[in-house]
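Engineer: The chain contents come next:
There are 2 protein chains.
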Amino acid sequence: MNEQKLEIVKSKNLKPKPQSDQIPFGRTFTDHMFVMDYEVEKGWHDPRIVPYEPLTLDPAAMIFHYGQTVFEGLKAYRAEEDRILLFRPDMNFQRLNRSSERLSIPPIDEDQVMNHLTELISIEKDWVPSTEGTSLYIRPFIIATETSLAVAPSQSYKLMIILSPVGSYFTGGLRPVTINVEDQFTRAVKGGTGMAKTAGNYSSGYQAQAKAYKEGNADVLWLDGMEKKYIEEVGSMNIFFKINGEVVTPELNGSILKGITRMSIIELLKKWDIPVVERKISVEELYKAYEEGLVEEAFGTGTAAVISPVGELNWLGRKMIINDHQIGELSQKLYDTITGIQTGKVEDRHEWTLEVK
Amino acid sequence: MNEQKLEIVKSKNLKPKPQSDQIPFGRTFTDHMFVMDYEVEKGWHDPRIVPYEPLTLDPAAMIFHYGQTVFEGLKAYRAEEDRILLFRPDMNFQRLNRSSERLSIPPIDEDQVMNHLTELISIEKDWVPSTEGTSLYIRPFIIATETSLAVAPSQSYKLMIILSPVGSYFTGGLRPVTINVEDQFTRAVKGGTGMAKTAGNYSSGYQAQAKAYKEGNADVLWLDGMEKKYIEEVGSMNIFFKINGEVVTPELNGSILKGITRMSIIELLKKWDIPVVERKISVEELYKAYEEGLVEEAFGTGTAAVISPVGELNWLGRKMIINDHQIGELSQKLYDTITGIQTGKVEDRHEWTLEVK
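Protein sequences appear in the order of chains A and B.
Read in numbering that gives the first Met the number 0, the first sequence has 114 at position 115, and its numbers run on one by one without any break.
Read in numbering that gives the first Met the number 0, the second sequence has 274 at position 275, and its numbers run on one by one without any break.
Careful: at least some of the hints might be erroneous.
Result set (DMTMM-like, lysine to aspartate or glutamate): computed pairs, CA atoms no more than 20 Å apart in a straight line [what the hints assert, rightly or not]:
id: 1; chain 1: B; residue 1: K9; chain 2: A; residue 2: D57
id: 2; chain 1: A; residue 1: K228; chain 2: B; residue 2: E226
id: 3; chain 1: B; residue 1: K227; chain 2: A; residue 2: E226
id: 4; chain 1: A; residue 1: K213; chain 2: B; residue 2: E100
id: 5; chain 1: A; residue 1: K9; chain 2: B; residue 2: D57
id: 6; chain 1: A; residue 1: K356; chain 2: A; residue 2: E79
id: 7; chain 1: A; residue 1: K11; chain 2: B; residue 2: D57
id: 8; chain 1: B; residue 1: K228; chain 2: A; residue 2: E226
id: 9; chain 1: B; residue 1: K11; chain 2: A; residue 2: D57
id: 10; chain 1: A; residue 1: K318; chain 2: A; residue 2: E284
id: 11; chain 1: A; residue 1: K14; chain 2: B; residue 2: D57
id: 12; chain 1: B; residue 1: K189; chain 2: A; residue 2: E226
id: 13; chain 1: A; residue 1: K279; chain 2: B; residue 2: E226
id: 14; chain 1: A; residue 1: K16; chain 2: B; residue 2: D57
id: 15; chain 1: B; residue 1: K318; chain 2: B; residue 2: E214
id: 16; chain 1: A; residue 1: K227; chain 2: B; residue 2: E226
id: 17; chain 1: A; residue 1: K210; chain 2: B; residue 2: E100
Simulated restraints on C-beta separations [to be verified]:
id: 18; chain 1: B; residue 1: K124; chain 2: A; residue 2: K210; range: 42 to 50 Å
id: 19; chain 1: B; residue 1: D89; chain 2: A; residue 2: P53; range: 34 to 42 Å
id: 20; chain 1: B; residue 1: E290; chain 2: A; residue 2: E100; range: 36 to 44 Å
id: 21; chain 1: A; residue 1: P17; chain 2: B; residue 2: S10; range: 38 to 46 Å
id: 22; chain 1: B; residue 1: K210; chain 2: A; residue 2: Q154; range: 16 to 24 Å
In silico negatives: residues of chain B with every beta carbon more than 10 Å from chain A [claimed, not checked]:
id: 23; residue: K14
id: 24; residue: P106
id: 25; residue: V176
id: 26; residue: E245
id: 27; residue: I320
id: 28; residue: D347
By construction, these hints were calculated from the structure, which means they are not laboratory data.
Glycine included, C-beta positions come from ideal geometry on N, C-alpha and C.
Start from the sequences, fold in the hints, and give me the full structure.
Structural biologist: What follows is the structure in structure tokens.
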């Protein structure tokens, strides 16, 4: 793939920006978006930044019928001295390509698209909010656009990147949540698409989500699809437990998403000499440790919440109350460190951040 | 849901109709389509038949991000005396609602939409091709249309029905196919979405499909997602085996699609007093029966092909050649009977067909 010239068409009707402390997640979008097309003969071509506007697609466009689509989610943060930082964006574009491979979508040139993204953010820099806990959410996604009902990979695709200023994920700061261990519905299984960020993985969880909400839980903890025994991930987050001084997170087995926050936390814990292990962990093992009083902390990790402490787990009528519903010391330290690096308040010794010039 | 008045807007630019014996599957669409919208406050509303035209959606419309969508596939056939027949359309709309339930999409009024569909087909009646083996393929589908990146059920949806004249599924008539038994990738698992006709189930099979094609197979036979042991279904078809005089098809276990052709075949076999059983069948059991010379026929069933005889199965380097690559007697009889009923040549004793007036 050759470096292609980026076309830029500026919007003539700039929208008013929302107050940065009162923004519902993912409903407000900036003035411009990035678009790039793929056709078999041309490869990925015509990268462009254009005014944010509706898409026009044939009703028989493949995206509407067979779900050939992948996406990513990352954030731009406003740091000291009005610098704008991205957190490990290279990891997101690598993962986008891994997801695409699973869905038979042609890969993009990661560096090229990352350059175009920084250009887009630089144009939209005034949209990056500054209140603590806020950021500019970045959603790259690829959709199959060929007009055909044949069950086969599309011959054409569209990559788009849209930007949405988002408020603090937690109203009222970091707050431990209650989570239901799902025992009927399955998110993913070996050989399936669990490791890919693809649309179908998300709506397939809505029924379990509704069941969890109904019983007063904030989210779902998924077990493996084979035996409904091993812990996989929470809603759209990875999960960690601190058990008897050791941090445990389920190992990547093909059905768990390889989270970038997850990876960063493992790296931080290793640097801090806190024991951390990626391995299979069954909900029974966790419950046993809980009964023995060994479960010290639990937290979910992901781009949206960074760290989401878990205060309570409900499993087949059994309750595990973790750390007395309080934020654990380690959870708080990880949250402070990662958000500190993301916003330039903590020194970035890992070269995780990329400044948008 | 109350019966709502159907609005009809006729197209002013009618397209030329293709030659009915040379139509690639799912690429040509008729002049009109059916559309209906859902909003939480209004329910399903504004049913209308309008000129076939592109859809305009916000790039943040939920369909592009979380795959909340379901679809159906059925056909209209041109019978003797230019009558137009649908084959068990009530089953398709029942299944659409079952799929919707799994994907947290609000149900439609099945009878109402079926009435609107017959109205649409009656307007497009000249598009129903007449050559043997051809038909008008009908694709109802529902997509989530809310503009939001929140991982939650959409507050608005669009139901559309588009029509596509299709040629004979088999060039050169009924022809046994070679199929690869997939041992790595998984289509579906208990607790997942396998029983629903939803987009994500299809693109997740493209890698296995490509692998099968590469090794000279026409399709994929999926095994269960838990043990990779039990036979589930073929590509987008259900599967049947005639073993030692008895017809066996995998039982519906939550991860297999409840095919309407499958159901009709079971009913026909029962009427004909041919032993038929729905049960778990492992690929090992099948192979053992094959080695003993007991596998007499194999065939896939589905709306597209009706009956697709299987001449060869490839499983981990082992080959099962079925009925010497010839069409089996039972496969042929089932094909002739079902296509005969669909096209009005065979008496419809089951009241399976619905005439479009």
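Engineer: For each hint given before, does the structure comply? Return the numbers of the non-compliant ones in rising order.
Structural biologist: none
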